[in-house]
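Peer 1: Here are the chains, one letter per residue:
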Amino acid sequence: MLHEIPVERIGPAGQVMADAVGTCVHCGFCLPTCPTYDALGEEMDSPRGRIFLMKEVLEGNLPIDEAVPYIDRCLGCVGCVTSCPSGVEYGELLTPFRATAEQVRKRSPFDRLLRRFVLETLPYPRRFRLAALLGRLARPLRRLVPGRMGDMLGLLPARIPPSERLPEVFPHQGQRRARVALLVGCAQQVLAPEINWATIRVLSVNGVEVVIPRGQTCCGALAAHTGAAWQARRFARANLAAFPDDVDAILTNAAGCGSGMHEYPLWLAGQPEEDAARRFAGRCQDVSKFLDELGLQPPPALAEPLRVAYHDACHLAHAQRVRDQPRRLLRSIGNIELVEIPRGELCCGSAGTYNIEQPEIAHQLGSEKARSILWTGCQAVATGNIGCMTQLATHLELEERPLPVYHTMQLLDMAYRVEHGASNGVPGPETSEAATASATAE
Amino acid sequence: MPFNELLSDLAALYPSDRLLTAAAQIMPYESDGLTAFRGRPSGVVLPVTADEVVETVRLCHRHDVPFMARGSGTSLSGGSVPVPDGLVIGLNRLNRILRYDPLHRVAVVEPGVINLRVSEHVAADGLYYAPDPSSGPVCTIGGNVAFNSGGVHCLKYGMTANHVLGLKCVLPDGEVVTLGGESLETVGPDLIGMFAGSEGLFGIALEITLRLLPRPEVYRTFLAAYDTLSAAGDAVSMVVASGLLPGAMEIMDRLAIDAAEAAVNAGYPADAQAVFLVELEGPREEVAAEEVRLMKLLDDSGATEIRVAKDDAERLTFWKGRKSAFSAVGRLSPDFIVQDGVVPRSRLGEALGEIERLSQEFGIRVANVFHAGDGNLHPLIMYDGRVAGALENAERLAGEILRLCIRMGGSITGEHGVGLEKRAYLGEMYEAADTRTMFAIRDAIDPKSLANRGKMLPDAEAPALASHGAHPLEQQGVISRM
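Protein chains in written order, with this note's numbering: chain S, 1 to 442; chain Z, 1 to 482.
Where hints are given, some of them may not hold.
As the list claims (entries may be wrong) - Below are the DMTMM-like pairs computed for lysine to aspartate or glutamate, each with C-alpha atoms no more than 25 Å apart in a straight line:
hint, chain 1, residue 1, chain 2, residue 2
1, Z, 310, Z, 281
2, Z, 320, S, 324
3, Z, 310, S, 340
If you are wondering where the hints come from, they were derived from the structure by calculation, not from laboratory data.
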């Protein structure tokens with residue numbers, strides 16, 4: 001699409017944004033894979049419509065405040081990137097645009113406060129843990145709490161698990177096949193610490209030594225995708241410094257974090273660390289991709305047959321193009337029957353802080369996803385992202401069919417532990433507990 | 001201002017979230033799949049019932065405001081570019097399948113139903129909807145009717161008009177009429193044939209009765225690679241001469257293969273100059289017998305490699321490359337024009353040679369993708385819109401290709417329609433008397449020229465960025481601009 005975006009005036013991200021606009025041919029192949037176009041049925045809530053709006057704003061033809069409601073409604077799921085035949089890198093337009101918009105847009109005082117609260121709490125495990133515990137106490141009052149604050153309380157799990165410090169180095173079993181560093185995530189540590197334990201146990205069984213660098217922080221994706229570019233850059237720099245060079249790969253087990261870390265070169269474009277960020281991003285991988293390429297030690301079969309629906313986390317399937325690998329890992333477990341969810345390419349509505357910022361659409365997408373999952377007749381759900389797990393568990397429960405929702409690593413861990421017995425001298429919580437929500441359980 | 005009066009009436013009909021007038025709401029509707037053209041409407045309405053559509057058309061008629069009905073906005077000829085200062089009627093929320101009768105193999109659908117959804121809806125009964133434009137997962141049946149869309153399988157099954165049995169439409173003055181019925185045989189003139197392909201000039205389809213077909217028992221899809229484009233063209237002639245009637249016959253040249261590979265990794269041969277896709281379909285025994293004959297033909301045609309899709313997944317991969325080709329060219333060039341013309345299929349090789357010559361003469365890269373079976377060419381003309389004069393140059397080349405089609409006894413459009421893009425060439429294809437008849441029919445149905453004004457018939461100012469100069473009919477004094 002022809003444009004007149006003044007690239008130089010915009011700064012380091014100008015060219016990337018202009019390239020994304022220039023590559024779009026407005027063919028509309030993105031429409032059926034866009035959750036908001038599906039839900040709202042209007043052009044400005046579609047990928048090509050948003051590209052058009054961002055182009056008009058960047059060209060100076062449209063005041064930014066008129067465009068932001070539609071840009072805000074974008075989940076950032078980048079399902080459109082998968083379906084785009086022309087190869088538009090939509091995410092590379094959206095993230096810098098949101099950062100630009102954040103500097104000039106007008107927000108209400110309540111909006112500013114809520115945003116500040118989220119950005120100052122969620123990425124910091126200790127603060128988030130405290131807030132979540134207080135939130136649990138406040139849950140009985142949540143009908144008295146107005147709007148989105150009440151929604152946030154509704155998303156908290158029934159139980160905030162005790163925190164258990166992860167080791168700095170976790171040894172490999174048998175012959176050492178690789179040495180990796182793991183990003184342990186921020187919210188995940190508080191809401192579901194068992195995912196990290198399952199991950200390091202599975203890696204260990206497969207001969208992988210796991211380093212958990214102490215200085216690591218939140219990956220910064222939450223900040224970047226809500227336009228808080230300065231905070232995202234701060235986290236990115238901290239992680240660049242914290243992660244060692246002498247590992248074979250830097251792994252994540254949360255799709256959102258993996259996608260965020262791949263964006264470091266974009267966040268740090270034009271900064272002194274840009275090259276380092278590019279090298280860092282090149283070494284980042286989702287744990288499922290890493291294990292698939294390494295070759296899995298054949299896991300033993302589960303004790304009972306289990307029909308599992310695999311849910312593609314957008315930031316794994318669309319943003320990192322990791323689709324087949326987790327499916328292959330799961331299929332390698334005996335007694336697991338893997339089923340596909342219809343229209344699986346559509347986002348579940350979790351999308352970082354989206355279910356806090358756009359609760360109505362998030363709710364609609366969550367219910368539709370839960371119904372699609374139930375349609376498969378599965379007994380459990382597997383996915384690769386903590387945000388999706390929370391959203392799916394919440395909405396399955398709202399449908400009054402609270403199926404267990406596992407991380408891919410948890411199912412592998414379960415299989416390996418069948419063989420080794422529950423007490424194999426491995427530290428960490430004894431069971432891999434599935435995510436459950438309690439939105440209606442009280 | 002007529003629009004302001006219309007607006008206050010529309011405000012009584014629509015809640016504010018379905019009556020869009022703010023800049024950020026209407027800007028994304030300015031363009032369709034042909035972004036060289038843009039038109040800013042005064043407003044957009046998003047009806048959810050047929051009654052709302054009818055009432056909207058009546059209001060437009062009362063206030064003399066032109067309107068344009070739009071589905072998914074995927075037209076490649078500018079057919080769904082808004083009439084400047086007019087109203088856009090977005091039909092994508094009218095997306096219900098109203099009735100489905102598997103026994104009689106018909107489905108009655110609203111205009112906003114997505115093409116592919118129809119086949120998905122009826123698949124469990126072994127049925128499908130045959131017309132399959134490349135934009136099938138996106139485009140709407142309403143738009144397919146307006147442009148009489150084809151697709152790779154129209155070689156065997158015909159165009160949209162051959163699959164629409166009945167239509168309920170609202171004419172531009174707000175009158176609701178029913179055309180056809182539920183049978184292929186009707187009495188009197190073929191009014192559906194007239195409405196299908198009228199590019200929105202005769203009103204808006206509200207309910208469309210579609211003919212469904214039983215899904216063929218088996219498909220057998222072949223991919224043959226050639227050293228030259230003309231050798232692939234000759235292979236088409238050989239298949240046609242043999243009496244075989246495949247479901248589809250498609251050719252892509254090297255540039256188009258490159259684009260498709262970059263987009264979807266279809267695994268097309270890396271060194272071929274042309275790829276010929278042929279699909280046999282039908283009862284198992286028939287296809288088995290035809291397969292032997294086709295294999296021999298392809299062997300004799302000098303193919304450097306022949307592949308047969310081993311399963312449904314591979315078949316879909318073969319087609320995915322082909323169907324992504326248009327948009328995928330976005331990876332090779334910042335801008336391009338998808339041209340659509342027809343030549344008699346016996347002259348395919350000659351036409352391709354001539355396009356190659358024109359491409360060199362203009363110094364512009366042209367990728368070729370075409371429905372070889374029915375001579376429908378889709379040259380993809382690549383240019384860089386940021387270079388001064390590049391668009392104009394590309395449009396001149398596109399025009400020369402259309403003239404070539406006319407000279408060879410073909411047509412300026414196979415399936416994309418005339419839209420805004422090819423209005424200037426209508427007068428070259430038809431005698432002045434023919435064109436006058438077209439105007440007379442339009443004037444009888446829509447004397448105010450409200451329905452999609454400015455499309456197909458060159459009688460109004462087009463919201464074009466590029467100028468084609470005065471229309472030939474203008475030069476002859478037959479028509480004048482408003």
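Peer 1: Hint by hint, say whether it matches the structure.
Peer 2: So, going through the hints one by one against the coordinates:
1. Z:310 - Z:281: Satisfied, since the Cα-Cα distance of roughly 14 Å is no more than 25 Å.
2. Z:320 - S:324: Given that 25 Å is the threshold and the Cα spacing comes to 19 Å, the pair holds.
3. Z:310 - S:340: holds (23 Å)
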